[in-house]
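At position 22 of the sequence shown (counting the first as 1) the number is 593 in our numbering, and the numbers step up by one without a gap.
No wet-lab data here; the hints were simulated from the structure. Be a bit skeptical, because a hint or two may be false.
Said to hold, decoys possible - Listed next, the in silico SDA-like pairs over lysine to any residue satisfying Cα-Cα at most 25 Å (straight line):
id: 1; residue 1: K624; residue 2: Q583
id: 2; residue 1: K610; residue 2: A586
id: 3; residue 1: K610; residue 2: N633
id: 4; residue 1: K610; residue 2: N592
id: 5; residue 1: K610; residue 2: T577
id: 6; residue 1: K610; residue 2: L628
id: 7; residue 1: K610; residue 2: E626
To be verified - With beta-carbon atoms standing in for the labels, derived distance ranges:
id: 8; residue 1: N592; residue 2: Q627; range: 36 to 46 Å
id: 9; residue 1: D598; residue 2: L628; range: 19 to 29 Å
id: 10; residue 1: K630; residue 2: I584; range: 33 to 43 Å
id: 11; residue 1: S604; residue 2: L634; range: 18 to 28 Å
id: 12; residue 1: G603; residue 2: D635; range: 44 to 54 Å
id: 13; residue 1: T577; residue 2: I625; range: 14 to 24 Å
id: 14; residue 1: K610; residue 2: L576; range: 16 to 26 Å
id: 15; residue 1: N580; residue 2: S604; range: 17 to 27 Å
id: 16; residue 1: I584; residue 2: K624; range: 19 to 29 Å
id: 17; residue 1: S631; residue 2: L589; range: 20 to 30 Å
id: 18; residue 1: Q627; residue 2: L589; range: 37 to 47 Å
Note that the coordinates shown come from a computational prediction; the quantities given were computed from them, not determined experimentally. Yeah, the Cβ is synthetic: ideal placement off N, Cα and C, and Gly gets one too.
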Amino acid sequence: MTSNLTLGNNVQIGANSLVNNTFNQNDILIAGSPALVRKQELSPWWGTQRIYKIEQLKKSMNLDI
Numbered sequence: 572m573t574s575n576l577t578l579g580n581n582v583q584i585g586a587n588s589l590v591n592n593t594f595n596q597n598d599i600l601i602a603g604s605p606a607l608v609r610k611q612e613l614s615p616w617w618g619t620q621r622i623y624k625i626e627q628l629k630k631s632m633n634l635d636i
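With the hints as constraints, model all of the structure from the sequences given.
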């Protein structure tokens, strides 16, 4: 980040990216040099698919946690 910038909620920044603009959008992926919006409306990585898989694993291992 090069100066006083504002980023929205849940903004993910790619490795080695140069962020020199304000991004007020929420749930986006920015990357590049200079950084640009690469994906919009991202779901968090801890979303429901991960929870579902954990619950399935618990059932297959007969765990009651």
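Do the hints match the structure? See the list:
1. A threshold of 25 Å between alpha carbons decides the hint, and for K624 with Q583 the separation of about 24 Å falls inside it, so the pair holds.
2. Of the pairs offered as hints, the one joining K610 and A586 holds, with about 15 Å between alpha carbons and a cut-off of 25 Å not exceeded.
3. Only pairs whose Cα atoms come within 25 Å are accepted, and K610 paired with N633 is rejected, the gap being roughly 39 Å.
4. For the given pair, K610 sits about 16 Å from N592 by alpha-carbon distance, which is consistent with the 25 Å threshold.
5. For the hint pairing K610 with T577, the CA-to-CA distance comes to about 18 Å; that is within 25 Å, so the pair holds.
6. Only pairs whose Cα atoms come within 25 Å are accepted, and K610 paired with L628 is rejected, the gap being roughly 30 Å.
7. Between K610 and E626 the CA atoms are separated by roughly 29 Å; this puts the pair beyond 25 Å, and the hint is violated.
8. At roughly 42 Å, the beta carbons of N592 and Q627 sit within the given window of 36 to 46 Å.
9. Distance hint check: the CB atoms of D598 and L628 are about 27 Å apart, consistent with the given range 19 to 29 Å.
10. At roughly 37 Å, the beta carbons of K630 and I584 sit within the given window of 33 to 43 Å.
11. Distance hint for S604 and L634: a CB-CB separation of about 46 Å, inconsistent with the stated range 18 to 28 Å.
12. The hint said 44 to 54 Å for the Cβ distance between G603 and D635, and at roughly 47 Å that hint holds.
13. For T577 and I625, the Cβ-Cβ distance of about 35 Å falls outside the hinted range of 14 to 24 Å, so the restraint is violated.
14. For the pair K610 and L576, the supplied restraint of 16 to 26 Å holds, since their beta-carbon distance comes to about 19 Å.
15. At about 24 Å, the CB distance of N580 to S604 agrees with the hint of 17 to 27 Å.
16. For I584 paired with K624, a C-beta distance near 27 Å keeps the hint of 19 to 29 Å intact.
17. S631 and L589 have their C-beta atoms about 45 Å apart, which leaves the hinted 20 to 30 Å range violated.
18. For Q627 and L589, the Cβ-Cβ distance of about 41 Å falls inside the hinted range of 37 to 47 Å, so the restraint holds.
Hint compliance for this structure: hints 3, 6, 7, 11, 13 and 17 are broken, all remaining hints hold.
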